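> Use these hints to put chain B onto chain A, whose structure you have.
Listed below, chain by chain, are the residues.
Number of protein chains: 2
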Amino acid sequence: MYRLDEDTIINEQDLENWRRTHYSFQINPSQINQTIIIMGWISSKRDHGNVLFIQLRDKFGDTQVVVKKKGNNLENEIFDVLKNLKEHSSIGIKGKVVEQKKSSTSVEIVPEEIKVLSVSTKSAPFLTQAISNIGIDTRLELRALDLRRDYLQNIFKIRFTILNSIREFLISNYFIEVHTPKMIATATEGGAALFPIFYYDKEAFLAQSPQLYKEQLTMAFENVFEIAPIFRAEPSRTNRHLSEAISIDVEKAFVNYHDVMKLLDELVAYIILKIKEKNQTELNNLELELPDIQIPFPRYSYSELVDKLQKNHKYIRWGDDISPKILKDIVGDSFYYIVDWPLSTKPFYVKPKNYSDIIGLPPNSTTTTTTTTTISNENQKDKESESNRIVSESFDLMYGTLELSSGSTRLNNKNILLDNMKKKGLNHAAFDYHLRVFDYGVPPHAGFGLGLERFIMALLKIENIRDATFYPRDIDRLTP
Amino acid sequence: MYRLDEDTIINEQDLENWRRTHYSFQINPSQINQTIIIMGWISSKRDHGNVLFIQLRDKFGDTQVVVKKKGNNLENEIFDVLKNLKEHSSIGIKGKVVEQKKSSTSVEIVPEEIKVLSVSTKSAPFLTQAISNIGIDTRLELRALDLRRDYLQNIFKIRFTILNSIREFLISNYFIEVHTPKMIATATEGGAALFPIFYYDKEAFLAQSPQLYKEQLTMAFENVFEIAPIFRAEPSRTNRHLSEAISIDVEKAFVNYHDVMKLLDELVAYIILKIKEKNQTELNNLELELPDIQIPFPRYSYSELVDKLQKNHKYIRWGDDISPKILKDIVGDSFYYIVDWPLSTKPFYVKPKNYSDIIGLPPNSTTTTTTTTTISNENQKDKESESNRIVSESFDLMYGTLELSSGSTRLNNKNILLDNMKKKGLNHAAFDYHLRVFDYGVPPHAGFGLGLERFIMALLKIENIRDATFYPRDIDRLTP
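Protein chains in written order, with the working numbering: chain A, 1 to 480; chain B, 1 to 480.
Just chain A, same shape as in the assembly:
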């Protein structure tokens, strides 16, 4: 029982044996004169004195309900209840489908019985139709309500298409979905940015990536992917970082980084195709047109990009990371790769380019040694100018200044992995559980991780990455 004001008492009722007979999209003139049951929440209300128009929203859209006061007692009672209910309240309506030319569905519902299922006792601090101008913290404090907004509904419907199309694409390419542990004993890449946990009586961490596990699993399943949360104790307050994000992790045996870049090209193209196919309505609502992409996406070597930046009078030395800020003036809003990063910037498991030369393996006796890369000329130039510049078989997929994905060919020789760990100052004993499977012949493999929220942010031009996830986590926010 709710006392909305001194004169208005509205009782919440039990669902009991009422069930929705039609979703909004299933209602059409073929049902005229039939009695149906609809359920949803009041998305808007227009009060014309003796006539009340209500839009009842379900997960597919609105249905128009019309109630008139001049009628019998029962109708008056329904009128009074609906008139006093605030927006967002949930109700069930048993009513007759009648013709209404002005309605988008050509019909509307005249209620015969109603059930008040959930009363909104407060007025929402923002409108469902509002697109911007609401502080994100105000919205996040009432995130479930915020997610009712049209803008976010469109975003999250497209997010769903993205997830489904990623799975479709990878499964059709003979990948199997795996789940790797999120509670781990050792940091993948040396310990930065990890959340510590109490694991019974042991110290442990939340996984910042499924890297080592997905690599191991290529041994048993060859092509694996995982779509799961990753955790990074990211100290910065930006619009493009989350402490908990969904990572699309892909790893494939018997290939190198060129193969998985091609796979990523095709994956992105497939996602965009599927969104255009399934979410034209949402794209229109968002006034968005997805880019007409051409694959393969352009590939720029790290070295040529550094040259270009230097020529543009940006301060960067070969070996530095490339910050978004420094890239800003020289890239447009489109997809491209930065390939062949300095080996020194990469984790211990990344394979150097020209592997055989560098590690002193005897030349291959049974095959030709030409490797095909689109950027070998530029790269060659850099290496000539500075002979100790060792690059890696690695790439970042970028969209403008936003890094979406990072990938590489991985090392699969235990001794070289051990050597690298020593060079990077890692305690290799702590990685024994990982290294020991390399005694049994881990196949050559390559892979990438794609940040789901980053990708959504780029594709749908979302200002703040927090709106690409349901309940964002950052240095300041742990609730809701």
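Hints are not guaranteed to be accurate.
To give a feel for the contact side, a few chain B residues facing chain A, derived at Cβ under 10 angstroms [what the hints assert, rightly or not]: (1) Met39; (2) Gly40; (3) Lys122; (4) Leu142; (5) Arg167; (6) Ile176; (7) Arg473.
Covered stretches of chain B, as calculated for chain A (at least 3 residues, CB under 8 angstroms) [claimed, not checked]: (8) 47-57; (9) 148-161; (10) 276-282.
If you're looking for bench data, these hints aren't it; they were derived computationally from the structure.
What you are looking at is a predicted structure, and each value in this text was computed from that prediction instead of being measured.
Ideal Cβ positions, reconstructed from N, Cα and C, are used throughout, including at glycine.
Quick look at chain B alone, frame taken from chain A:
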């Protein structure tokens, strides 16, 4: 370069421009006399002196490779390398497809060139063909290698079908996939069995369930599901508990527990249908026949089950939990529900049965009040004998003595939720971030969580739940 013993040196080679042209399942007599490239690992080797038979395994199966010593120098060299490679080593073979009536594919491969991609330097401590008799700890210490075993390959292929069919089923029933945060500020159900984490400068926990978030999300999306890890600091050492597990969480608006039980019935039936359709080979390998199930699964009320247990001279009082041990003699290996659990055994968000009577809401004025349940008679009897026995709209899906899923109708009225929290001794201020959205009319809803590993364990008759997951976590195990 690997020195396998005093006389044998085998070099690992780079993949370079070699790529697999055919998976094992794509090789057939139509390619006779063609040269193809296959890649994989040596699953077995038979040495007949001057003839060597090798089974090269890829993710789909084995391909027979035959090498003879009497030949030219090149052939002899290939012979020597293959002869000296241990099982599990990864290789690429460029070779000719030739007829071989005795082979299952009617062909075999005669190598012309090989590439040693990864050398197994040790002998595996267990056979790929072994089914049991290997200590699980020995296997888990080399899990990636263990996962190459035929037994686990079959299990994990079926696991993949289960995941895919769950998504197919739920998506076709208008569900949307969501991701809720795993780092949370408050325990869902009061604090037991949580892993604490350091969240920047705050105390936080790993989510033991997405319960409150999925409930909130029914507000914006009506029908939601999540497939994600849950974390429980389970102190017991058993074959049926994991510290990190995958939970299939489902929540639906405008329905009650009977509706979601029906949904769960249909979900299980759909999964079994799909496994039979897609994994007949794996079922045969496992010598398993899936049960011919009939839905709806039987529903036994908690009260009638307690009666029955008491008549069977088991020690249990009404209000106690029902342990697997106590159930053992009275249930067979099949699916069934235990419904209408005592409200006192359930968390604060579970709805009591006969809600209106109990919380003193005025009777509904516009609808009939009959609720339909299949177990109302038995239940009535219990309530007559002890009038203060309040039961809840809840269920557990069981398979024999194994609990697979737990679900209920949830409360959606803020005041009653607050009351319940007080009764349970919970600090309701800590749940403010959750309760505040109930000011805006959260619809009635019901749902369940289904433990993926438990379900796999039941269906595939796996002895230890650790074999239903890739890298198990328990009180003793944090690696690999």
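> Hint by hint, say whether it matches the structure.
Now for the hints, and whether the structure bears them out:
Evaluation of the Met39/B hint against chain A yields a held restraint, the C-beta minimum of about 5 angstroms falling below 10 angstroms. Taken as an interface hint, Gly40/B checks out: its beta carbon lies about 8 angstroms from the nearest beta carbon of chain A, inside 10 angstroms. For Lys122/B, the interface hint holds, the least distance from its beta-carbon to any beta-carbon of chain A being 5 angstroms, beneath 10 angstroms. The restraint placing Leu142/B at the interface with chain A holds, with a minimum CB-CB distance near 6 angstroms, inside the 10 angstroms limit.
For Arg167/B, the shortest C-beta to C-beta distance to chain A is roughly 7 angstroms, which falls under 10 angstroms, so the interface hint holds. Given the 10 angstroms rule on beta carbons, the hint for Ile176/B holds: about 5 angstroms separates it from the nearest Cβ of chain A. Using the Cβ-Cβ criterion of 10 angstroms, the hint placing Arg473/B at the interface with chain A is satisfied: the shortest such distance is roughly 5 angstroms. Coverage of a stretch by a chain is defined here by at least three residues with a beta carbon nearer than 8 angstroms to that chain's beta carbons; for the segment 47-57 of chain B and chain A the count is 0, and the condition is violated.
Counting residues of the segment 148-161 of chain B whose CB lies closer than 8 angstroms to any CB of chain A gives 6, which reaches the minimum of 3, so the coverage claim holds. Counting residues of the segment 276-282 of chain B whose beta carbon lies closer than 8 angstroms to any beta carbon of chain A gives 0, which falls short of the minimum of three for the stated coverage.
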